[in-house]
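As you go down the protein sequences, you meet chains A and B in turn. In terms of the numbering used here, the first sequence is numbered consecutively and its last residue is 270. In terms of the numbering used here, the second sequence is numbered consecutively and its last residue is 582.
Rather than coming from a laboratory, the hints here were simulated on the basis of the structure. Treat the hints loosely; a few may be bogus.
To be verified - Listing some non-contacts, in silico: residues in chain A with all C-beta distances to chain B over 12 Å: (1) P105; (2) R106; (3) I147; (4) E206; (5) I226.
Unchecked claim - What follows is a list of derived Cβ distance ranges for each label pair: (6) A:R193 x B:Y282: 37 to 45 Å; (7) A:L146 x B:W359: 33 to 41 Å; (8) B:Y387 x A:A254: 42 to 50 Å.
Idealized CB from N, CA, C, for every residue including glycine.
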Amino acid sequence: MRPGDIYMASIARYIARSGALASFFVKPILSKTYIASLNAVVLAQILVFALALSQLVRVEEYYRYLVPGVVLLSFYTTIYSLIEEVFFFATRAEAYLYTYILPLPRYMLAIGFTLAVSIMCIPLYIPYIALLALASPHAGSPTGVLISIASIAAMMTIFSIAVGGLLASIYMSIKSNWRLLLTVFLLSDILQRFSTAYYPLSYFPEVYRYIALANPVTHFINLSLIIIGIDPTLLIDPGFSAAILAASVLGFSAITILGAQKFAEGGRLV
Amino acid sequence: MEAIRTYDLAKYYGNVKALDGIDLDIREGEIFTILGPNGAGKTTFLLLLATVLKPTRGTAVIKGLDIRRDSARVREIIGMSFQEPQLYWRSNALETLKFHASMYGIRGSERDRRIRYVLNRLQLERISRRRLLNLSGGQAKRIEVAKILVQRPPIAFFDEPTAMVDLDGKHIIWEEIKRLRDEGSTVLVATNEIYEAEVLSDRVAIFDRGKLVVVGGVGELKEKIPSGELVEIRFSGTYSNALEEEIRSQFRPTHIVSDKGYIAIRIPGAKKKVAEVVRYLIDRGLSIESVSIREPTLDDVFLYYTKRRISE
Chain A
1 MRPGDIYMAS IARYIARSGA LASFFVKPIL SKTYIASLNA VVLAQILVFA
51 LALSQLVRVE EYYRYLVPGV VLLSFYTTIY SLIEEVFFFA TRAEAYLYTY
101 ILPLPRYMLA IGFTLAVSIM CIPLYIPYIA LLALASPHAG SPTGVLISIA
151 SIAAMMTIFS IAVGGLLASI YMSIKSNWRL LLTVFLLSDI LQRFSTAYYP
201 LSYFPEVYRY IALANPVTHF INLSLIIIGI DPTLLIDPGF SAAILAASVL
251 GFSAITILGA QKFAEGGRLV
Chain B
271 MEAIRTYDLA KYYGNVKALD GIDLDIREGE IFTILGPNGA GKTTFLLLLA
321 TVLKPTRGTA VIKGLDIRRD SARVREIIGM SFQEPQLYWR SNALETLKFH
371 ASMYGIRGSE RDRRIRYVLN RLQLERISRR RLLNLSGGQA KRIEVAKILV
421 QRPPIAFFDE PTAMVDLDGK HIIWEEIKRL RDEGSTVLVA TNEIYEAEVL
471 SDRVAIFDRG KLVVVGGVGE LKEKIPSGEL VEIRFSGTYS NALEEEIRSQ
521 FRPTHIVSDK GYIAIRIPGA KKKVAEVVRY LIDRGLSIES VSIREPTLDD
571 VFLYYTKRRI SE
């Protein structure tokens, strides 16, 4: 079958509708009021934690700890948006049963879901990245700010595609909203806790350092900080981070394809 | 030749057996109807064959392709009209049909010709550019059916194709489904409408509570049941319980119901015995106003096998 044709036809059909593009970007933001409350919780957590840390370290150090938290907030927002969009596409979307009988392998559907949700999430995390870039040492240079925003947005989009694919696969396999929410909540919480989001690597007990080093979120934050110009002496080697991040993206993508194809083929809709 | 063969096909949702071990063969180029009440497993059966659901047990082979192993290829040769219209509600009928055709590689003048024909036949031309969300349930259902009539797949599934459609529309859809069959497609229809099953089917399978009750041609199924035709008589005069008992002993009906001025008797071989029944009633002082004989319906077949009516 011709998956390329199907995507092109879908995109053409979508664009052909008046107002479709506006709703494409506005709807996800307007319909996700819970993201605002989630942001508030995470932001409060970051601030409280950062204030506590500020009692222990100097103000400039405090800035170093706060910034990763904001990056994490951005990531967190993205991951929850992805879940929402996977649900939206898979269960509440128009004609979802119709999607399941189209002559497409399941992994193509998962990739399609993923691309769609990743694109939809861009407006959600761009403000956070802009905030980071404006607060960075590059802030005096508009070019530097733009390069920072573009680089982090590109990295986040790739990472989102991998995570979104993973979620789409999980959803297509288990077909249970609450199980998916639980899985993602635990996964994202573990990834957040065992990363350098709130503390530099040197603050970790030795055994946890290895876990943090294997955590893609650590390297995602590390590369983000390097891109916006935070003092790299405290950070992990960017080559190592890039390799781990690339491996995790490839790994997630492989799981997406294999998972969707092997476990979700034929579906288990109720 | 078999187009579809199911082997012990089953689907459980926890402890609920939506479908429990169905063995069926559906022949190439026939209209095969699954008839049963709500909850009989008809939609589940179609969704399993359409590879939307995964069987708990068993499998099915569609034109040599196993639904478990070759599901992607199965999806290339089937088309399914869903019970609930599966449409992009912000689109219109024309866009929907063009999109659906493009999914199956139907393009250019052939696509336009098919769409024009189907829009015309299903009386959708006038509303073909109206957003689907502004259409009535019946109109949306016609568009759902139209997708498959444009696609013209080798294997077509219709789940309650005329639900919500007016009588005129029902007849048009039945004609078009028959035309699809005549052009070589194998058609599987799920319905709980007895008349639809009788009008449309080459063969019928009756499902109840996830199980296959009986399968066969419409006439064949009716002949199998011993209850006979229904004789309905309207009369004036005094009808007593004693007279009803006399009728029972004299004609041995399988079923008898009476009301004021009305009696319905089900007798095997009724066509031959009706004159005798009428004479018997006249001799006992009743004045006969009308007599009619009704053949058993598929509802009677269902009643015979399950002791319940489909509509119950």
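#### Entry: Index of numbered hints that the structure contradicts, given in increasing order
Numbers 1 and 2, in rising order.
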